[in-house]
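Engineer: The whole structure should be built from the sequences, with the hints applied where relevant.
In order, the protein sequence lines correspond to chains A and B.
The first sequence begins at 43 in the numbering used here and counts up by one.
The second sequence begins at 102 in the numbering used here and counts up by one.
There could be a bad hint or two in this list.
Cβ-Cβ distance ranges computed for the label pairs, FRET-style [as the list claims (entries may be wrong)]:
1. A:V163 <-> B:L127: 51 to 57 Å
2. A:I290 <-> B:D233: 25 to 31 Å
3. A:N228 <-> B:N293: 35 to 41 Å
It should be emphasised that the hints constitute simulated quantities derived from the structure, not laboratory data.
Glycine included, each C-beta is placed from N, C-alpha and C at the ideal position.
Chain by chain, the residues:
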Amino acid sequence: MADAKVAPKTILKKEPAKQGNKSSFDHVLSELSVPLFFALLCFAGVVAAGLSPQFLVNEIITRLARNLFLVLSLIIPVLAGLGLNFGIVIGAMSGQAALIIVTHLEIGGLPGFLLAALISVPFSVFLGWLTGLVLNRAKGREMVTGYILGFFANGLYQLVFLVLVGTLIPMNNPKMMLSSGIGLRNTMDLIAINRALDRALFSSLKLGPFAIPWATFLVIGLLCLFTSYFTKTKLGQQMRAVGQDRHIAEVSGINVNRTRLIAIIISTVLGAWGQLIYLQNLGTFNTYNSHEQVGMFSIAALLIGGASISKATIWNAIIGVLLFHTLFVVSPLAGQRILGIPQVGEYFRSFLAYGVIAVALALHAWQSKKHAASLQAAQAEHLPED
Amino acid sequence: MALNTNKVTNIFTSHHLKACYEKLGLPRLIISSFLLALFILAFVMKMDITILLSDSLARIGMNGLLVLAMLPTLVTGVGLNFGLPVGFVCGLVGGVISLEYNLTGFTGFFVAILCAIPLAVLTGYLYASLLDRVRGQEMMVGTYVGFAVVAGMCIFWLTAPFNNPSMIWAIGGQGLRVTITLYEHYSKVLNNFLAFKLFGVTIPTGLLLFFGLFCWLVHLFFRTRTGLAMLATGANPMYAKSSGIDTRAMRYTSVIISNVLAAIGALVYAQSYGFLQLYTAPLYMAFPAVAAALIGGASLKKATVSHIIIGTVLFQTLLTIALPVTQTVLRGTDISEIARMIISNGMILYALTRNERG
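Structural biologist: Laid out in structure tokens, this is it:
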């Protein structure tokens, strides 16, 4: 690590694995331990639930298409050393705001979806910029700050759509608004853009018995390409340098605050689009709740895929969504079959989501503390007079 | 409160005004003026202010101990205890055990506390040893450990071997109910203890005394040898260590005390509310408590009992009167929940983004 910091531009993706030749096998094992554990859990759950494979595969394809974009939007802030961006909730809110506008204008189908994606950009860029400013003031506490910021923004979101719409913001649409004429209804029907993206391409082309949302996977594939290309650009390399060590990056002439701002803005915009993809698949949304769990579930999925607070790849995201949502599908049924109480499975599922985040955060803090201690010890050995 | 008299006498000199502003801090100034505006509105709208005040007093006593639980960890530099639900569910377990034996009145309440304390000490120790390993990330880890504990306890409530028919689901006969009424057990034992009316305002004497007692105990505790060692640990860990204080033990102790206070606080909350709320109810318990402590002027580096009391009074009064007042003024639109979200989380954000030492 110490060498890497001096020359950030030479760092390669597999850097951590290359360190310490003697323990590389251990290292790989420890890196894969989380996904392996969850794979076992999934396997046990699938066996216990006794679902038909066809139903399961179908469900997983749907959920991959629905959630993967959101999870992928978390990768760039990790690269820039901002940790897991709990602030994508704010991106999700921008996406929903755009969706509300498009629904109000009654533009449906793919054009409506694309228009929503376009409208969400100014919102999410602006809000992402504000998020970045706040996070730059809370260096070292980005995650808890981003998390609280999500709640704070949720308050503002409710203020706008529950109180200001119909009072300060003129709007008259009885289909969308509460009967009092102030505030939006709790659920929003998205029939107009329901599955607009999922069915945009080759909607009749099936893979065996499974319907595949080709266009959604195409978009997700493009995001994967963008992410892996982005890490190789100058900006991407700068982010990596900032993520490795802020101070050394600053000394070598990188504008740390600006780089972090850009990372958060990109993540927020992607979060908004991710939420749009998520909602067009569901076809309906809770005006005031749909965004709340987005951050937590996406982060839990990424961590289950083997990512950590300082390292996340596209594969972590894909494997994570696969495992997390398999668990999601099977756990209520497994709970019912094993204990006879379906709620047990549901509680177990949220226990897992919370627990995996807690464990991942704890492990990371623990390791970085040990790492810092060993680094200090090494420095003390080299420079006895210091 | 001595602050306010200072303010009045010296208000005309800008120098003092500035010093006063710095001491009060922008957020407390905003919250206080907001509160004042609400009271004026309530007065203008001819609302029954005695009811508002009675409710506020009850809410202050109800939540006070949970806010006080923030103090030990803030003092030793562990940070805001977002893991409050860990202690909270210990209190709930104590409450449920006491219910299982059909204990009533003060016996029921104190047996519940006695059952909760050992649990809170044990879980507090485990929680502290985790927090000690994740120094620097305590708040985030604490938040999710709290969530995970609440979610895990959901499974416990559902499968725990309790038999008292007043607590378990009527259908199926297994698993505790989501809310258990305490009406026949120890509902409002503290609230009603020596309660009296003063100009139409109900004073929940027992409740306020209980909160006051704990504030006093904590205040005294920080005068003892251990308490002073804790203060030193938070103020300057290196210095504390070099003067022979076991800083690690101090941090452990602070987390355990915080956890025990949270457990007792949960029971005080439940008796005042009249119901034990199980399952996912304790999930977000930490946030209002954190916000109240911060509104009182506590920061990640400095916190005192007076911060806790001021914060609880300001925040809980605000929450209590915001709902009826805004409902009267805005004709049915409820912005109190929104105001609560914006104020409490804005307050936490303010504390997190302040550039303080360290």
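Engineer: If a hint holds in the structure, say so; if it does not, say that too.
Structural biologist: Now for the hints, and whether the structure bears them out:
no. : hint                          : result
1   : A:V163 <-> B:L127: 51 to 57 Å : violated, 33 Å
2   : A:I290 <-> B:D233: 25 to 31 Å : holds, 29 Å
3   : A:N228 <-> B:N293: 35 to 41 Å : holds, 38 Å
Of the numbered hints given earlier, the model fails hint 1 alone.
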